[in-house]
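There are 2 protein chains.
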Amino acid sequence: MSLDPELAARLKRNADGLVCAVVVDHATSDVLMVAWMNDEALHRTLTTRRGTYFSRSRGTLWVKGETSGHVQHVREVRLDCDADTVLVRVDQTGPACHTGTRTCFDGDDRLLLADGPA
Amino acid sequence: MSLDPELAARLKRNADGLVCAVVVDHATSDVLMVAWMNDEALHRTLTTRRGTYFSRSRGTLWVKGETSGHVQHVREVRLDCDADTVLVRVDQTGPACHTGTRTCFDGDDRLLLADGPA
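These protein sequences, in sequence, are chains W and S. Going by full-length UniProt numbering, the first residue of the first sequence is number 1, and it counts up by one from there. Going by full-length UniProt numbering, the first residue of the second sequence is number 1, and it counts up by one from there.
Hints may contain errors.
[As the list claims (entries may be wrong)] Chain S stretches covered by chain W per the calculated footprint, using a threshold of three residues with CB under 8 Å from any CB of chain W:
#, stretch
1, 16-24
2, 31-42
3, 59-71
4, 92-103
[Unchecked claim] In silico contact screen, one side only, chain W against chain S (beta carbon under 7 Å); selected entries:
#, residue
5, Leu18
6, Val31
7, Arg58
8, Trp62
9, Glu66
10, Thr67
11, His70
12, Val71
13, Arg78
14, Leu79
15, Cys81
16, Leu111
17, Leu112
[Stated by the list, open to error] Here are some chain S residues the structure puts well away from chain W; computed CB gaps all over 10 Å:
#, residue
18, Ser2
19, Arg13
20, Arg89
21, Ala114
22, Gly116
Bear in mind the hints are in silico, worked out from the structure with no lab data behind them. Predicted model, so just to flag it, every value in this text is computed and none were measured. We treat Cβ as the ideally placed atom computed from N, Cα and C, and that holds for glycine.
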C-alpha cells in the first residue's frame with residue numbers, strides 16, 4: 001500500500017521528505033499538537049483513520065496513543081494552499097500532550113503573550 | 001531590539017533557525033494558516049502584535065497584510081511543549097490565504113478525507 005499517486009504528486013515535502021501536520025480537536029477546534037508525516041504516515045492516517053506520524057528523533061512511524069492509549073480517531077484531513085501542511089481533525093482520547101496536558105500549548109509556562117486590547 | 005534571552009534559550013529551532021507558527025482565528029478558533037518565524041519575527045510579533053513571519057522562499061521577514069491589507073492583530077501567543085512551535089491567536093482582517101479563501105485549508109480541492117462515522 002502506498003499514498004495515492006495524484007496526492008503524492010501534489011505534496012510539497014521539506015528536505016526531510018515530510019509535511020507538517022496540525023492536529024485539531026474535532027469537538028472544540030482547539031489545536032492539540034503539531035507533528036510531521038511522511039507519505040506512509042499520511043497514507044495510513046487516511047486509510048485507517050488513526051493519527052499516524054513520523055518521528056524525526058527516532059526516524060520511525062508512530063501511531064498516536066500506541067503506548068499511552070491516547071489515540072486519535074481521524075474525522076477529516078485537509079491540505080493547505082501550499083500543499084506542505086495538513087490539517088487533521090480528530091476525536092482525541094485522553095490528553096494529546098505527552099506531558100499530560102490536554103493540548104501541547106496548555107500551561108502558564110507556555111504563555112508567551114497574553115490577550116490585550118483588541 | 002532582540003528576542004528576550006530567556007525565551008531565545010528555550011526555543012528549539014529547526015536547521016534553518018526557524019520555529020513553526022500555527023495561526024488561529026481568535027473568534028472562531030479556525031486554523032487560518034501555517035508559517036515560520038525566526039527570532040526576529042517572533043520578537044516583532046510579540047512586541048508589535050502584528051503577525052510577522054519569515055519567508056523561506058524570499059529569505060526575508062514579512063508582515064502579514066503588508067501589501068494585501070489583510071493584517072493580523074495578535075491576541076495571544078503560546079509555545080508548545082517541545083518549544084519548536086508557536087500558536088498565534090489573531091483577529092484576521094480579510095481572507096488569511098493568498099488565494100483569497102478565508103483560511104489556507106478551505107476549498108473542495110483541499111479536502112483529502114471527509115468526515116465519516118465517529
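Do the hints match the structure? See the list:
no.: 1; hint: 16-24; verdict: holds (count 3)
no.: 2; hint: 31-42; verdict: holds (count 3)
no.: 3; hint: 59-71; verdict: violated (count 0)
no.: 4; hint: 92-103; verdict: holds (count 4)
no.: 5; hint: Leu18; verdict: violated (11 Å)
no.: 6; hint: Val31; verdict: holds (6 Å)
no.: 7; hint: Arg58; verdict: violated (14 Å)
no.: 8; hint: Trp62; verdict: violated (14 Å)
no.: 9; hint: Glu66; verdict: violated (18 Å)
no.: 10; hint: Thr67; verdict: violated (17 Å)
no.: 11; hint: His70; verdict: violated (14 Å)
no.: 12; hint: Val71; verdict: violated (13 Å)
no.: 13; hint: Arg78; verdict: holds (4 Å)
no.: 14; hint: Leu79; verdict: holds (5 Å)
no.: 15; hint: Cys81; verdict: holds (5 Å)
no.: 16; hint: Leu111; verdict: holds (6 Å)
no.: 17; hint: Leu112; verdict: holds (4 Å)
no.: 18; hint: Ser2; verdict: holds (15 Å)
no.: 19; hint: Arg13; verdict: holds (13 Å)
no.: 20; hint: Arg89; verdict: violated (8 Å)
no.: 21; hint: Ala114; verdict: violated (6 Å)
no.: 22; hint: Gly116; verdict: violated (7 Å)
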